[in-house]
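K.L.:
Turn these sequences into a full structure, and let the hints steer you where they fit.
Sequential numbering from 9 applies to the sequence shown in the numbering used here.
If you're looking for bench data, these hints aren't it; they were derived computationally from the structure. Accuracy of the hints is not assured; some may be wrong.
As the list claims (entries may be wrong) - Below, simulated BS3-like cross-link-like pairs (lysine-lysine); rule was C-alpha separation at most 30 Å, straight line: (1) K241 - K169; (2) K169 - K196; (3) K305 - K287; (4) K287 - K241; (5) K237 - K196; (6) K305 - K331; (7) K188 - K237; (8) K169 - K121.
This one's a predicted model, so the numbers in the text were calculated from it and none came from an experiment.
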Amino acid sequence: MSKRVALRVAIALVVLLLATFSTARARQVWSERQAQSRVDAARAGALDELHYSVGIGVLNTELAASRSRLRQIEGSGPPASSPLWDTETQAFYSNQAGRYQRLSRQLELVVIKSTATARTEASGADSRLSQAITSAQKLLLDVTAGRTVLASGARASQAAKETPAQLRTMAATVTAAELKLSAAATTKRQMVEQVAAAVHGSLPTLLAQADAVAASAHANLDLLSIVSKPDSKYGAEVDAALSAVHAQPDVFSAALRMDALQGEANAVQTHFATDLPAKLVVVSTESQEARMYEGGKLVDSTPVTTGGPELPTDHGIFHIYAKISPFTFHSPWPPGSPFYYPPSPVSYWMPFDDAQGLHDAPWRSNFGPGSNLAPTNLGGHYILGTHGCVNMPPAAAQFLWDWAPIGTTVAVI
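P.N.:
This is the structure we're talking about:
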């Protein structure tokens, strides 16, 4: 072979080798880029799974191992690239992609476990609230709010789509309701035990107390009915609560119902305190008595004399509109009239209904039942009772004068 031919062959071989190397290198670069893309995609998938886990409420403690694994994977770098065919770099990228994919599956399992744990917590909270409701019902507590929370909690703990965060939030809500109801039950139980202890475990003593509470409530309603029209339900509810106390076989059960009776009595008292005048004078033409109340409590009572059959005292609700001391009455009837009377001085005059009012009557010695049907001497002729005013003994009239300001309500019944 000539030298020229040999040179050409050598050049051709070099060109071929260079072309082969260049092609191989290009293929290697392309393969590495493809592998890197797979790694990037796998990493993005793992990060998405991590962000999703955080977003639905997986706890940091539950994610600690996965985060540590992620840091280890991200801390790994590829080996130095070889200009020749590099199998180590290819293997590294393949391994990295696999590690990220396994991390994604690990995070999926963490989500499943976290959800199961939160669901178990929610179910446990539901169970505790259910028990608290049962206990509270035995103590006659209102469990409506607890039942509403329990129904919501049960739906959440059974729903497949609920996240750990949602389940824990509901568990916290249910637990708060359970603690509130349990605290109310403890307070109620202690109160009932105190009531039972106060009567030394005596059922008859407790029943007597219940009768007194009911009687006081009815007395308040009776007084209230003089100046207003209280709803009939108040008396009926007091009677029903009293019957429930009497129906109990033991002192604890009776004390438990006693609380309900006291609640009804308190409702009456609230209505009583709101609607009853601060000061009230009640005049009974039947019993010929005047009773003075302040804050609903009797402060004084006195026998009186009211108008007789010919000139009866008006019934109704009035108010003292003047106070005059001393005062002299002058007859509006002329001499010769069967109702005429001579000038009559009094010390305390408190009108409440035109010419009718409360005053002392120094000419009268008899007051009280029947006095409005007894003759009153008008200077030689007589009428039964008064001309319509409410006659009072001097001491009672002075007390009323000092006690009752202008505007005091007077109820004549």
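K.L.:
When the structure is checked against the list of hints, which entries are broken? Sort them ascending.
P.N.:
1, 2, 5 and 7
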